[in-house]
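Chains as they are written, first to last, in this note's numbering: chain X, 1 to 386; chain F, 1 to 386.
Certain hints may be false.
Covered stretches of chain F (in silico footprint by chain X; criterion: 3 or more residues with CB under 8 Å from a CB of chain X, positions within the stretch not fixed) [as the list claims (entries may be wrong)]:
#, region
1, 4–13
2, 201–209
3, 217–231
4, 235–241
A few chain F residues facing chain X, derived, Cβ under 10 Å [unchecked claim]:
#, residue
5, MET1
6, LYS16
7, THR18
8, LYS21
9, PHE170
10, ASP212
11, LEU256
12, GLY257
Chain F side only, calculated, beta carbon under 10 Å to chain X, not exhaustive [stated by the list, open to error]:
#, residue
13, ARG213
14, ILE214
15, TRP244
16, SER245
17, MET248
18, LEU253
If you are wondering where the hints come from, they were derived from the structure by calculation, not from laboratory data.
C-beta: ideal position from N, C-alpha, C; glycine also.
2 protein chains.
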Amino acid sequence: MKNFEFKNPTKIIFGKDTIPKLTKQLPTEAKIMMLYGGGSIKRNGVYEQVKSALEGFEVIEFGGIPANPEYDILMDALKIIKEEKVTFLLAVGGGSVIDGVKFLSAAALYEGDEPWDILAKSIRTYKGMPFGTVLTLPATGSEMNSGSVITRHSLKEKRTMGGPGLFPQFSILDPQVVHSIPKRQLANGIVDAYTHVLEQYMTYPAGAFLQDRIAEGILQTLIEIAPRIIADPTDYEAASNFMWSCTMALNGLIQLGVPTDWAVHMMGHELTALYGIDHARTLAIIAPSHYRYNLEAKKEKLAQYGERVWNISEGTIEEKAKAAIVKTEEFLHSLDIKTTLKEYTEDYEGTAETIAQRFVDRGWKGLGEHRTLAPEDVEKIVKMSY
Amino acid sequence: MKNFEFKNPTKIIFGKDTIPKLTKQLPTEAKIMMLYGGGSIKRNGVYEQVKSALEGFEVIEFGGIPANPEYDILMDALKIIKEEKVTFLLAVGGGSVIDGVKFLSAAALYEGDEPWDILAKSIRTYKGMPFGTVLTLPATGSEMNSGSVITRHSLKEKRTMGGPGLFPQFSILDPQVVHSIPKRQLANGIVDAYTHVLEQYMTYPAGAFLQDRIAEGILQTLIEIAPRIIADPTDYEAASNFMWSCTMALNGLIQLGVPTDWAVHMMGHELTALYGIDHARTLAIIAPSHYRYNLEAKKEKLAQYGERVWNISEGTIEEKAKAAIVKTEEFLHSLDIKTTLKEYTEDYEGTAETIAQRFVDRGWKGLGEHRTLAPEDVEKIVKMSY
Chain X
1 MKNFEFKNPT
11 KIIFGKDTIP
21 KLTKQLPTEA
31 KIMMLYGGGS
41 IKRNGVYEQV
51 KSALEGFEVI
61 EFGGIPANPE
71 YDILMDALKI
81 IKEEKVTFLL
91 AVGGGSVIDG
101 VKFLSAAALY
111 EGDEPWDILA
121 KSIRTYKGMP
131 FGTVLTLPAT
141 GSEMNSGSVI
151 TRHSLKEKRT
161 MGGPGLFPQF
171 SILDPQVVHS
181 IPKRQLANGI
191 VDAYTHVLEQ
201 YMTYPAGAFL
211 QDRIAEGILQ
221 TLIEIAPRII
231 ADPTDYEAAS
241 NFMWSCTMAL
251 NGLIQLGVPT
261 DWAVHMMGHE
271 LTALYGIDHA
281 RTLAIIAPSH
291 YRYNLEAKKE
301 KLAQYGERVW
311 NISEGTIEEK
321 AKAAIVKTEE
331 FLHSLDIKTT
341 LKEYTEDYEG
351 TAETIAQRFV
361 DRGWKGLGEH
371 RTLAPEDVEK
381 IVKMSY
Chain F
1 MKNFEFKNPT
11 KIIFGKDTIP
21 KLTKQLPTEA
31 KIMMLYGGGS
41 IKRNGVYEQV
51 KSALEGFEVI
61 EFGGIPANPE
71 YDILMDALKI
81 IKEEKVTFLL
91 AVGGGSVIDG
101 VKFLSAAALY
111 EGDEPWDILA
121 KSIRTYKGMP
131 FGTVLTLPAT
141 GSEMNSGSVI
151 TRHSLKEKRT
161 MGGPGLFPQF
171 SILDPQVVHS
181 IPKRQLANGI
191 VDAYTHVLEQ
201 YMTYPAGAFL
211 QDRIAEGILQ
221 TLIEIAPRII
231 ADPTDYEAAS
241 NFMWSCTMAL
251 NGLIQLGVPT
261 DWAVHMMGHE
271 LTALYGIDHA
281 RTLAIIAPSH
291 YRYNLEAKKE
301 KLAQYGERVW
311 NISEGTIEEK
321 AKAAIVKTEE
331 FLHSLDIKTT
341 LKEYTEDYEG
351 TAETIAQRFV
361 DRGWKGLGEH
371 RTLAPEDVEK
381 IVKMSY
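Chain X extracted, bound-state conformation (with noise of 0.2 Å):
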């Protein structure tokens, strides 16, 4: 086990009819502005129990933040922050609502005179203004981690920052949000969670067994809630545990001491960035590809991850690992996720090249566990994922 350092301050408030608690959590002077995302909280009835437990405080609203949050539209709310002297934000919603925020968080108390440099220059936020928040879509963790994802389209870039002082101070889970969710959005939750324990779990052994456990533990209840969640997404029970399992999936437990990948989002963000495909799709078209194409090096823990979370008992090393990833597909496409770009987008040709040059221009700084993927390999990897 390598060397780990670990503190996360989040509260979480996790269950039903939770979202009341909310007026306690908020420092009672505070001018607050609640941010959302399209809308769908208006029609969920989130929307209402927000604004009243709202109620006595002095209130901004700001929705319309889009899935992959974009810059320019975050830009408009960094404006009225400053303008209204904001001084706590409130973010309700699924990830893309959380990361806005914690942009917003870093902005609000950036000093430097371009806010884009926070993303450009991977510029780390160790205070930002205090935010908390409601969690209506689960997927990505953001509710309990300090890491967030910012899209530019007029630049066609996704960028990623974060900071120890851009944890929530609490995030409010209530699992009944879930029941409303359409099933498009509860796969992409579930693919997502699942691909971010990968990407921590997904490497070379490192002598790190109860992280190993967890990881696998996550992935056993993933895969356990996944065709209940579809089938009944008021399933309370898979509910919880599919809210539950997405927050412990990127809250930073299962990546203490052990190497982590992560080339899979580095090359699924290109993917969103030039098609506008799902992120948790893009990780489904990216991840069977990536781990053919790096076997020899991930072949251990593909085979005990095969063992563990698949059962599967026979054959050499090789043949489990590479047995493993036939089941990690076939429970993709059992959520009716497509697992190859040309079922996205019939204007591929030239993608791996186009994405192995963006890494190079960025100037390239070598994927994977080792660091040591060139961009010759992202090519191979994303015309194997054609």
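Start from chain X and add chain F according to the hints.
Frame of chain X; chain F shown alone:
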């Protein structure tokens, strides 16, 4: 899954040669009391490392905190803390030293007349004096939770306390401290952590699938590393997994949204108070009888534990449950831990009645996950443990 709230702000600094990082964790103006136990830290090099990290700080030392931290000794420390206007407490030790420091953290800022009331009247601490820990003995998990157990020999009492103000600000976990721990303490630590998991897991199925998986993962990890660490405490891979498993066993995560039992601890504490038997060994005495006595209520989870942790695949639910208890006893015996009271004291007759009476005298609250175990149940369970 039940509703829950969770916030654990302790910063963990984990790994090889991490004790020098202590310097940067302390407030620069702090007047520090460094507390430790019987002096093993002076033999294993930890004392020197800590002193070196404390260079330049104003430090008062207070050694001699015994296993089962003793109220009267802690009151001596409290007097010095007040006289010398100490502002920061540093626990260098195992669970006993850390628990003692938690009591002092609470008592130092307690406004009542009689600090014993914090224990006797279960007064929760919302703000304590800030403290950190350097862990020298993996076992109790006290380094990442806000609970404490204090003994007062003059009253033959062992009482619990806690509150959100009693999380360590930081805990430094260097698995190399394990290298010099005697076998007896290593076995105690494994059993302590193992039983912590059982108390939060071995109840009735509550639909918290992920918490179950994590609990099972900790048990599997402890089973995996136990023979290695007993055979060779300098096995760093085993030591690091042992240490992290002990922390994760009682940092709050696996109890989220599930019923918890803790009856084994409640009865075990009495055996320590009466006979001075090592805490972990009292748990090993009580646990098998407790699970046999409550088989009907706990058989689903016992069988699940048998299947997933011990690979028991044959038999009915009840047969698997019984086999799982036998496996647990065999595991304890493999660590050279005896599981009946008579192996620890010849003077055991009447113990069951005495313990039941002590619970009655304190005001009976009911034990077990349903809080329905009566004094006569306790009497029977303890008798089964003779």
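Among the hints numbered above, which are violated by the structure, and what are their numbers in rising order?
none
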